[in-house]
Every structure is written in structure tokens, then in C-alpha cells.
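J.: Knowing the structure of chain V, use the given hints to seat chain A on it.
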Amino acid sequence: MDIGTVVRDSGSTIHAKKSGWRSTQPLIDYKRCTSCGWCWAYCPEPAIRLEGGKYIIDYSFCKGCGICAVECPLHCISMVME
Amino acid sequence: MTSRLGLSGNTAAAYAVRQLDVDVVPVYPITPSTTIMETLAQYAADGRMDAEIITVESEHSAISAAAAASAAGARTFTSTSSQGLLYMHEVLYVTSGLRLPVVMAVANRAISAPINIWNDQSDVFAERDTGWIQIHAESVQDVYDRMVQAYRIAEDSRVRLPVMVNYDGFVLSHAHGPVTIVADEEVAHFARRVASPFRLDPDSPISLGAIVWPDHYFEVKYQAARALEDSRRVIDEVQNDFRGMTGRKYELLRPYMAEDADFLLLAIGSVCGTIKTAARKMRSEGLKVGLIGLDVYRPFPGKELMRLIGGAKAVGVLDKAFLPGSMAGPAYTDVTSALCRYGVNVPVHDFVAGIGGRDIKVEDVQTMYRVLEKAKDNARFDREIHYVGLRR
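One line per chain: the protein sequences are V and A, in this order. With the working numbering, you'll find the first sequence wraps up at 1007, consecutive numbering, no jumps. With the working numbering, you'll find the second sequence wraps up at 1206, consecutive numbering, no jumps.
Only chain V is shown next, with the shape it has when bound in the complex (with noise of 0.2 Å):
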């Protein structure tokens, strides 16, 4: 282990997984979605990439933290126990 906690390479938490965290995970609801995007811009992880047009979670990196359903301006995101 390199000395001084460096890291050499960029993109290193590709590896740290955050999907434990989660208790909750937010699911959208396609039928209403616009694809506006206003999810992926709140996202802090961020999680949720642009895909085919479409908004997807990714949910190997999404903590649950719901921020995406409350921002959400149509209501069309939910948080679902796991």
C-alpha cells in the first residue's frame, strides 16, 4: 500500500460499491417520466446516467438517499423498501 493514503489512479471508487447503504431505492415510473433530467442533476453520487434517451439508477452505486424522489417535479420517482 503506497504511503499517505495516495491515490495514484483517477476513477478508483469505480470499485467502491455503495449499494449496502441502501435500505430504500428509488424507483421511476416511466409511464410519467419526461426524461427532464432534473434527477440526474440532484443526484450527489452521482448514480443516474442518461441512457437510449432514457434516465436510469445505477443501483450498485445509488445509497437510497432519496434526494431524487423529493426533487423530482413530477412526483414520479418512489422510494421502495427493500
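Incorrect hints may have been included.
Claimed, not checked - Residues from chain A shown here face chain V by an in silico Cβ test under 10 Å; the list is partial: (1) R913; (2) S971; (3) V1008; (4) P1011; (5) P1019; (6) A1024; (7) L1101.
Read the hints as simulated data drawn from the structure, not as lab findings. It should be emphasised that the depicted structure is a prediction, and the values quoted were computed from it without experimental measurement. All C-beta atoms, glycine included, are put in the ideal place defined by N, C-alpha and C.
T.: Chain A alone, transformed into the frame defined by chain V:
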């Protein structure tokens, strides 16, 4: 080429900093260390030192800037005293944890409340567990010499830890003494830089100070603790090289008339000078007394100390600080735990004196030696701390 100058402890430290090609000096004034920064600012203003002097708004900022500059690969120095050292507390751990070879001069002083600007060693003992190498000076010459040695120790790839050079406030920081100076070019060669294993560099970015989870934190802290323990070998090497350059001998411990002594005092800092005078007096009266100066306090040279204590009938530890509620002074706890670890059974007395600038006189030291003489019979071992010079 050497020359002899009359310097105070502070100006001796500053003189060494100028010779050591220091790059960054973030510093905040506090009595009694202030004249270090004044002298360095004068050097920089006169063009005698090519360093960035950063006048920060507090000691917390001073040590934070020092750690950051060191992380960027700069040779970094700061200084402080008392409340200032305590205000640095959390960042002292950061500096050693990130393995940053900052060097700091500390003119030791009592801590509030009540406010008192005079010397004792309560400030540095409050920071004894911060993972820094801690060296104490007995004289103004020591201050200069230990400063010259400091970066060699701190920057060694086997160490990579910050070093604190301590000396008694006013007694050494402001009193002038003769200092034999090493020539600029000799100091530059002695303390030549070694390549840092890492540094913050925008062209080749790394992360430093990221969160470390339970699966690695223990190992990281162990690495730093191990490096501090093992640094005694590097300190030895540097002391030997320094002796080769100057003829002046430094060791982890400084024995004086200790070899055949029945009664040994262990002490830290300038008071060792007073103890030597007292020891000579008592020797002339037929009492075989001696002294061991605890020059390097962290890492604590327990094993080396046991070799020197071996034959003594009684040992006294003089602490110029309190550990309220612990039944002992700070150095006493280190000495007794070393004795216990190595199975050496000798009565050890704890003397607390010199608090808040109260003078420790030759007669006070003689009192301590007489307590030890009585204590040689273990059955009469007094288990109280001896507060010497206290009115009650």
C-alpha cells in the same frame, strides 16, 4: 568553515531555516516563538532567503498551509508555542497521517487557564500522540543543530514524518548563547533534498487525503506508527553524519555521569543544565548521582534507556507538565511502561516542577536526589508525585 555567533534559540532556529533552503513558511505569531517569524521575514525582505512567507490568520491555518505546501513537494517550515500548538491539534494528526515531512520549531510554554506566557512543557506533551517525531533541545546550540538535522530525518524515504524541534520558551527562545554555525554550503549538502515519493502536481494528478474505509484504515495508521518507531535508526544515522560534519555528538538520550550512578534523574530540555550543576555538587559530597536527558521523546527510546538505567538504585523522572488525574507526569508514564516492558525493577519517583515558568533551582534538584537516596530501599518507596517548589 565554521563561525561562532551569539544567537537566541529563536534566531538560531531561523538561521538554520535560512540555510536549509526552505520553500514555504506559513506562520502565525505567538509568544515566545514570534521572533522566529520576525527573523525569517527579515531574511526574506533582505533577499537572503528565497521562501514564500505566508502570514495566515491562525495556527490552524498555518499548519494546514504547511501540510498543503509539503504535499505539493515544497520544503516547509512553521513555528508556534502553547495555545498555538493546541490550536493546530487536529491538523498535526493530518500531517503525520499523510506522511508530510513538515518541520516545526516549538518554543515550549504553559497553557491557559490561567493565562501564563512562561515556560513549561505542557504544550508539547498535549501533542505527544500526534505521530510527530519530537526532539528536545538543552541549549541554543542544540536548537540550531537539531534544526539542521530535522529535514534529513523527516524527508528520509524510510520515515516521511513531520518533526517537531522543541526548546524551552524564554529560557532558550530568548536567552542568547554561543552557537557554532556550519557554513551555508555544508548545511545545503548535509540536508540535500531527496525526491518525494509523491506530490500534488496538476500535470500528473494524484489524490491525497481521500476517505479510507475500515478495510484499510488500520493498516494505514499502523504504517505511520511503525515508521515512527523505526525512525530511531534514521535519527541515529543522521546524528552520526552530523557528528562527522561538526564533531558534535547527538544521541537519542544524553547521559551525564550516568554510567556508575546510583541515583539517576531523567529530564527534558534546558533544566538538564541545572541538573548537571547539582549533580557535580552532589558528586563532590560523595553521592553518586547522574542524569539522562530525554532528547528524543518520540519515538520514545525505551530500550536504549533500559541499558543506561540498569544499575541504578533509584530513578527520578522530572516532568515540567501535568497529566491531571493520571497519578503521574507524562514522561514518568513512558519511563515506567518501558521499565515494565523490559522487566527492570527499580524504584521510580515522579517529580513535577518548573510549571508556568517557576524556576527549578540547583537546591530543588538536590532535594530530588535526596528523595531518590531515601527511596533506594524499595519498602520506603513513596507513591505520591513530588511537587517540587510548590507552596501549599
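J.: Taking the closest Cβ pair, is A1024(A) under 10 Å from chain V?
T.: Holds. Min distance 6 Å.
J.: Identify whether the interface hint at L1101(A) stands, where standing means a beta carbon of chain V within less than 10 Å of its own.
T.: violated, 49 Å
J.: Hey, does the S971(A) contact hint survive, CB to chain V under 10 Å?
T.: Holds - the Cβ of S971(A) comes within 10 Å of chain V, reaching about 9 Å at its closest.
J.: Once the shortest beta carbon distance from P1011(A) to chain V is found, is it less than 10 Å?
T.: Given a least distance of 7 Å, the restraint on P1011(A) holds.
J.: With a cut-off of 10 Å, does the beta carbon of P1019(A) approach a beta carbon of chain V closely enough for the hint to hold?
T.: Holds, because the Cβ-Cβ distance from P1019(A) to chain V comes to roughly 7 Å (cut-off 10 Å).
J.: Taking 10 Å as the limit, does the beta-carbon of R913(A) come near enough to a beta-carbon in chain V?
T.: holds, 4 Å
J.: Is the hint on V1008(A) kept, meaning its closest Cβ partner in chain V is under 10 Å away?
T.: Constraint on V1008(A) not satisfied, violated at 14 Å.
Hint compliance for this structure: hints 3 and 7 are not met, and every other hint is.
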